[in-house]
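Respectively, the protein sequence lines represent chains H and D.
Heads up: the first sequence at position 96 corresponds to 135 in our numbering, and the numbers run straight through without jumps.
Heads up: the second sequence at position 112 corresponds to 151 in our numbering, and the numbers run straight through without jumps.
Since the hints were derived computationally from the structure, they do not count as laboratory data.
Don't take every hint at face value.
Stated by the list, open to error - Simulated crosslink set (DSSO-like; lysine-lysine; CA at most 30 Å straight-line):
1. Lys223(H) to Lys261(H)
2. Lys176(D) to Lys240(D)
3. Lys176(H) to Lys240(H)
4. Lys219(H) to Lys240(D)
5. Lys176(D) to Lys240(H)
6. Lys223(D) to Lys176(H)
7. Lys261(H) to Lys219(H)
8. Lys240(D) to Lys223(H)
9. Lys176(H) to Lys261(H)
10. Lys219(D) to Lys176(D)
11. Lys240(H) to Lys223(D)
Number of protein chains: 2
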Amino acid sequence: MDTIKIIEVKEDVRANNDRAAEALRARLHDAGTLLINLMSSPGSGKTTLLAATLDRLADSLAIGVMEADVDSDVDAHAVAAHGARAIQLHTGGMCHLDAAMTEQGLHSLGIDGLDLVFLENVGNLICPAEFDTGAGKKVMILSVPEGHDKPLKYPLMFEVSDLVIVSKMDVAPYFDFDLKELEKNVRMRNPNATICPLSAKTGEGMDAWCNWLRAAVNDWKK
Amino acid sequence: MDTIKIIEVKEDVRANNDRAAEALRARLHDAGTLLINLMSSPGSGKTTLLAATLDRLADSLAIGVMEADVDSDVDAHAVAAHGARAIQLHTGGMCHLDAAMTEQGLHSLGIDGLDLVFLENVGNLICPAEFDTGAGKKVMILSVPEGHDKPLKYPLMFEVSDLVIVSKMDVAPYFDFDLKELEKNVRMRNPNATICPLSAKTGEGMDAWCNWLRAAVNDWKK
């Protein structure tokens, strides 16, 4: 069986972006606003999870949401209805956000008084993992139907994430999904990631996720 | 609510690729080998569907499979066990295949005597839609758990596909998934696409898919 290796030259683009991301992160730190880069495949339940999270946290934290999408604005309307300051970012076909686009989004959103901003990145397990947006924390969502083998196939996404959310746990009985096997696969890529299985539908695991968020916001403001 | 539009300049890259893709398609037509570009999100069931398809067609058609992946070679081994000539393409982090990479893959695979070659593209609903690989047909898979709203969020993928497979129909009762709504959303993007709901697990819809493939191969050889 042959293996073909193809390398794309993109180091310059990445280095410039890394500098912009570091500068943005420092400014967000000074402002006391934690930016979370939320990444996943299409259809992993990002928007549903955000809505359920806002229902639990919007009374105690001031939260903003930037929904990035290739097209449409269904998501921003949905989360705004749950108490967040929300904007939609259209990427014009691009498969990820970089630090410059994120900064442009934050400028439009306005971070004054916000404790926490979620950046809902483009639904994609590859490109968003490669570009630092300037976020303080990176969170990825893997939904149960996608399968426990995904850390083997999309290693970088799992390597860069601080927290791995396993969403749609309520449908686990209907899939060949092994949480222990997933944990083993995640650990191979990232021994330090926190793994948080949950269901926005039943509420299972939502307390652990919200506690993680509260602690992350408190740490960021220190 | 603000909307931010960001445009990436990539017309030159695309135009060069389009020419290479046209040339490759013409050569495949002369050789009588139909190349199918199979695209989907991660975890949509591409590999499981291919295995079930090979079990039904490998006796009557000579089939090759090129599995593109950012990393790992689990898929190529899996499909080779079901009677296909198979190779793995590693993209070195890239989120799509272009015509040059596809040609390199076909050269390694060897198309002599093959009626049909599946190119399992990188799991991603954005980038693969933008790059013509030289395939004769484009097929996308949307799995039930991803939701019926996906044509609204990833319009280009649905616009370019000749056939939309709706996979994992066996779990439809456990999700808020409306096939009629999906069909309406697909039609908005692409009035001509064939929609094929199926389950590789129960076999539902597999005959329709295999019949579509047989007819496409016959058309290609005319």
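Quick rundown of the hints versus the structure:
no.: 1; hint: Lys223(H) to Lys261(H); verdict: violated (33 Å)
no.: 2; hint: Lys176(D) to Lys240(D); verdict: holds (24 Å)
no.: 3; hint: Lys176(H) to Lys240(H); verdict: holds (24 Å)
no.: 4; hint: Lys219(H) to Lys240(D); verdict: holds (23 Å)
no.: 5; hint: Lys176(D) to Lys240(H); verdict: violated (38 Å)
no.: 6; hint: Lys223(D) to Lys176(H); verdict: violated (38 Å)
no.: 7; hint: Lys261(H) to Lys219(H); verdict: violated (35 Å)
no.: 8; hint: Lys240(D) to Lys223(H); verdict: holds (26 Å)
no.: 9; hint: Lys176(H) to Lys261(H); verdict: holds (15 Å)
no.: 10; hint: Lys219(D) to Lys176(D); verdict: holds (25 Å)
no.: 11; hint: Lys240(H) to Lys223(D); verdict: holds (26 Å)
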